[in-house]
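Novice: Sequence:
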Amino acid sequence: MTDIAQQQPTDSNPELPTTYAPAEVEGKLYERWVERGYFEADAKSDKPPFTIVIPPPNVTGALHLGHAFQVTLMDALTRRKRMQGYETLWLPGMDHAGIATQNKVEQQLAEEGKSRQDIGREAFVEKTWQWKEEYGGRILGQLRRLGAGLDWSRERFTMDEGLSKAVQTIFKKLYDDELIYRAERIINWCPRCMTAISDIEVDYQDDDGELVSLKYGEGDETLVVATTRVETMLGDTGIAVHPDDERYAHLIGKQIKLPLTDRTIPVVADHHVDPEFGTGAVKVTPAHDPNDFAIGQRHGLEMITVMDERAIITVPGPFQGLDRFEARSAIVEAMRQQGRVVAEKRPYTHSVGHCSRCKTTVEPRLSLQWWVKVETLAKAAGDAVREGDVALHPKEMEKRYFDWVDNLNDWCISRQLWWGHRIPVWYGPEGQVVCVGPDEQPPTGEGWTQDEDVLDTWFSSGLWPFSTLGWPEETPDLKKFYSTDVLLTGHDIIFFWVVRMMMFGLYAMDGEVPFKTVALTGLVRDEFGKKMSKSNPNAVDPIDWMDAYGSDAVRFTLANGANPGADVPIGEDWVKASGKFANKIWNATRFALMNGATVEGELPPAEQMSTTDRWILSRLNSVVTEADAYYDDYQFAKLADTLYHFAWDEVFDWYVELSKTTFFAGGEPAKVSARVLGEVLDKLLRLLHPIVPFVTETLWTSLTGGESLVIADWPLDSGFRDTAAEQEIVLVQQVITEVRRFRNDQGLQPAQKVPAELDLSGTALAPHEGAIRQVARLTPAGEGFHATASLPVAGCTVALDLSGTIDIEAERKRLTKDLGLAEKEKADANKKLGNEAFLAKAPDNVVDKIRARLTKADADIERITAQIAGLPQA
RNA sequence: GGGUGUGUAGCUCAGGGGUAGAGCGUCGCUCUUACAAAGCGAAUGUCGGCGGUUCGAAACCGUCCACGCCCACCA
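Residues 653 to 1526, numbered by my numbering, are exactly what the first sequence covers, in order.
Warning: the hint list may mix true and false statements.
[Claimed, not checked] Quick list of in silico lysine-lysine cross-link-like pairs, DSS-like style, CA-CA up to 25 Å:
#  : residue 1 : residue 2
1  : LYS784    : LYS1131
2  : LYS824    : LYS766
3  : LYS1290   : LYS1228
4  : LYS1131   : LYS699
5  : LYS1031   : LYS1051
6  : LYS784    : LYS825
7  : LYS1312   : LYS1236
8  : LYS680    : LYS696
9  : LYS1228   : LYS1031
10 : LYS1469   : LYS1493
11 : LYS824    : LYS1051
12 : LYS1478   : LYS1465
13 : LYS1047   : LYS1168
14 : LYS766    : LYS784
15 : LYS1483   : LYS1493
16 : LYS1047   : LYS756
17 : LYS1051   : LYS1168
18 : LYS824    : LYS779
19 : LYS1168   : LYS1011
20 : LYS1168   : LYS756
[What the hints assert, rightly or not] Here are the in silico distance ranges between beta carbons for each label pair:
#  : residue 1 : residue 2 : range
21 : GLY905    : GLN1093   : 41 to 49 Å
22 : THR1096   : PHE977    : 22 to 30 Å
23 : PRO700    : ARG962    : 52 to 60 Å
24 : ASP1500   : MET1161   : 55 to 63 Å
25 : THR1096   : ASP960    : 27 to 35 Å
26 : ALA1504   : ARG1392   : 23 to 31 Å
27 : ASP858    : GLU676    : 30 to 38 Å
28 : THR913    : GLN1093   : 35 to 43 Å
29 : PHE977    : ALA762    : 18 to 26 Å
Hints listed in this document are in silico derivations from the structure and should not be mistaken for laboratory results. Backbone N, C-alpha and C define an ideal beta-carbon position, used for all residues, glycine too.
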């Protein structure tokens, strides 16, 4: 009784508090686990490895319920594997989250009225490290609070020394293999973040815009183009029409005057143009639109950049210095004065790209950037899944994965930011370009400078499964724990992260996959199915709920909602309910301990056990096997549901209630049952521990005196089954339920004891008479017993003496209703059995079932008729 | 536009060709030898609509409706 004994004693029990107080035990337990080194993996161990690397949370802020959700599931997986005897490594760490973190720090600076340029690169990076320390620390605290069994001795950060070396190593390798190159292309540019961003960092949303029709050209050679982005016309270098469009056939190849400028631009024919849309003529701005860029390349058009990095017009003239949106209206006005606006602006909803980090409208821009050539890498990433080296759960996600890897564009990896891994490339005074490996000295001398840019944050995240284990060094960790076993993450970052890890992992580790299984989770939603996000008012700090109801309650609720790949709804009431479950386990174990439940000694032979004992053991073993299958299949919702119902319904409600007479009578049978109850609780707590580690640890150490559940063995199905006992207990439950129902119908108080005569002859229930009487609150029929009601159920008859308290009319009404149902059932069964087509086609077991229904309906009709006849006249 | 998923009790969701399920909520009774932060009992449904297959459909097929997500395009 190590733990419970330290709790506050109460009046009702000198040793155990009557309610579970999670706050008092959780923190202490976690520190003890860490101090004892339970979570530290040993690379020299002979045990088979089981590895998960945590998806590194961004150091941008605090963890939310989505993190808590994934952490819970990963913790459950690793705790179980540890109990199963694996050398388990769950590796913690955090992501520097380049652009996201930089934005946070810039916001902080902005509040002081400063910009990053004001303080300079070095000071800014220093400040960002301070941010990382503060928020990173907060995240670590939250992980501990959740009970996450992480190996803190191996904590990593994407910008620590080792990982930076890994980044440099793979950059160099890719560069040497000509899989990294520098090229000028249209990229997505965020004018607020002042950096390039990759395609998937752009969020498209429908914005209200205005479509304006403008007349280009002079004299006979005019045509009308429609555009939502008037400001880009200063950079137009062509007009495209469909090759088969007869309206414009005469203009193809001609030069057209571009208004507001002194330039003329050619009309080109391109299949990209949809003749049905707008006027069928498109202005082409190759330097400011990806499609136009493609058209421009096909036709050798000039590329004229008209805006700077802040999206300010740079073309000399009246519009110079205007912001892109100011320029839009100014140019429309100028065009109107020239009579070139042929159709006024009309509202037009179209999807517009926004920076996923700051929501600013993205400005496509011609720019010199570094790229990863993905073709071969993506092919390998696709093949690994196709060939079954990596399994996606749920499997339906594979399609989405293939769609992506099979149609991947080259990846823009340079970012014009300060927070991140600086690109290891040096430029010489003669235009030399040198990629510097991790063990090489950068070139020195006059005129050599390093590339100013940093790498996309996902570049280092993509190395996470092996960089964290020491790569590029041949470390014992890498040998022992790579490939990792499971990657558990949200389906929303398949493209950002999973694909990149696949590409880099296969490339760097000679085709060895980074993980064998990808378990994809959904998003956390509130109790009304609304998405939970930091910006929504429904966002909840998981710590609040943990404080109120315990970490176990939050964890159980999250696991209970975890259907593979599906979103998880969660509400406070549900967490509260899970807290009640923890309290229930607490009290049931408390009761068990008060009645001598133990795990000492061998389990008595089955012959010495009561039917009830054999029944619960039989059920226990079935549940062990069932739970194992659910764990293996990432079916946490079903797992939690199964354990919840087995524990609450079968063990706590039925087994404990049915066994009370045995326990209170004492003697040898009580000892046997106490041992059985100890066995059941022991295994049940082990099964539950991965999901609710704290309450189970506390109770288990009290029950068994063992050191810790964390390092205890995983329970096995002993193979013991007793179907006869299971069937018998079902009958007992039926009898008790019927008596309870009847009592309730009669308005009897639950505590009211009723004299009754039980006729259990003809059934195997005789040994359960005491238990039935105990649970159904029936006293022996004494002197002057007079049966006023008779309940036939499960082949038995229970006669009760209610001495005038019976509500005859209510009972008659109920019986009549039951009779109607039975007759309907009989008619239905008869109809089926009289149907030759049915008999010919239905399988035997189905026919047998229906015959059984008919027999039962007949018996019910007879029984109920007799019951009605037996009712006293009102 | 192309994919894809969902629709079952008041809410959140399981299930699944052979008598409709759980948790929470609701209602009733109760501090009964572990638990009132509790217990016991009860009620609750055109299984989204329509058509088809079948002896039998909530389940399978088709179609429609509603909602969601992913991808692409949007001059």
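Novice: Work down the list of hints and note, for each, if the structure agrees.
Specialist: Hint check:
{"no.": "1", "hint": "LYS784 x LYS1131", "result": "violated (30 Å)"}
{"no.": "2", "hint": "LYS824 x LYS766", "result": "violated (36 Å)"}
{"no.": "3", "hint": "LYS1290 x LYS1228", "result": "holds (20 Å)"}
{"no.": "4", "hint": "LYS1131 x LYS699", "result": "holds (14 Å)"}
{"no.": "5", "hint": "LYS1031 x LYS1051", "result": "holds (15 Å)"}
{"no.": "6", "hint": "LYS784 x LYS825", "result": "violated (29 Å)"}
{"no.": "7", "hint": "LYS1312 x LYS1236", "result": "holds (17 Å)"}
{"no.": "8", "hint": "LYS680 x LYS696", "result": "violated (30 Å)"}
{"no.": "9", "hint": "LYS1228 x LYS1031", "result": "violated (48 Å)"}
{"no.": "10", "hint": "LYS1469 x LYS1493", "result": "violated (34 Å)"}
{"no.": "11", "hint": "LYS824 x LYS1051", "result": "violated (33 Å)"}
{"no.": "12", "hint": "LYS1478 x LYS1465", "result": "holds (20 Å)"}
{"no.": "13", "hint": "LYS1047 x LYS1168", "result": "holds (14 Å)"}
{"no.": "14", "hint": "LYS766 x LYS784", "result": "holds (20 Å)"}
{"no.": "15", "hint": "LYS1483 x LYS1493", "result": "holds (15 Å)"}
{"no.": "16", "hint": "LYS1047 x LYS756", "result": "violated (37 Å)"}
{"no.": "17", "hint": "LYS1051 x LYS1168", "result": "holds (18 Å)"}
{"no.": "18", "hint": "LYS824 x LYS779", "result": "violated (29 Å)"}
{"no.": "19", "hint": "LYS1168 x LYS1011", "result": "violated (36 Å)"}
{"no.": "20", "hint": "LYS1168 x LYS756", "result": "violated (35 Å)"}
{"no.": "21", "hint": "GLY905 x GLN1093: 41 to 49 Å", "result": "violated (56 Å)"}
{"no.": "22", "hint": "THR1096 x PHE977: 22 to 30 Å", "result": "violated (46 Å)"}
{"no.": "23", "hint": "PRO700 x ARG962: 52 to 60 Å", "result": "holds (56 Å)"}
{"no.": "24", "hint": "ASP1500 x MET1161: 55 to 63 Å", "result": "holds (58 Å)"}
{"no.": "25", "hint": "THR1096 x ASP960: 27 to 35 Å", "result": "holds (33 Å)"}
{"no.": "26", "hint": "ALA1504 x ARG1392: 23 to 31 Å", "result": "holds (26 Å)"}
{"no.": "27", "hint": "ASP858 x GLU676: 30 to 38 Å", "result": "violated (52 Å)"}
{"no.": "28", "hint": "THR913 x GLN1093: 35 to 43 Å", "result": "violated (50 Å)"}
{"no.": "29", "hint": "PHE977 x ALA762: 18 to 26 Å", "result": "holds (21 Å)"}
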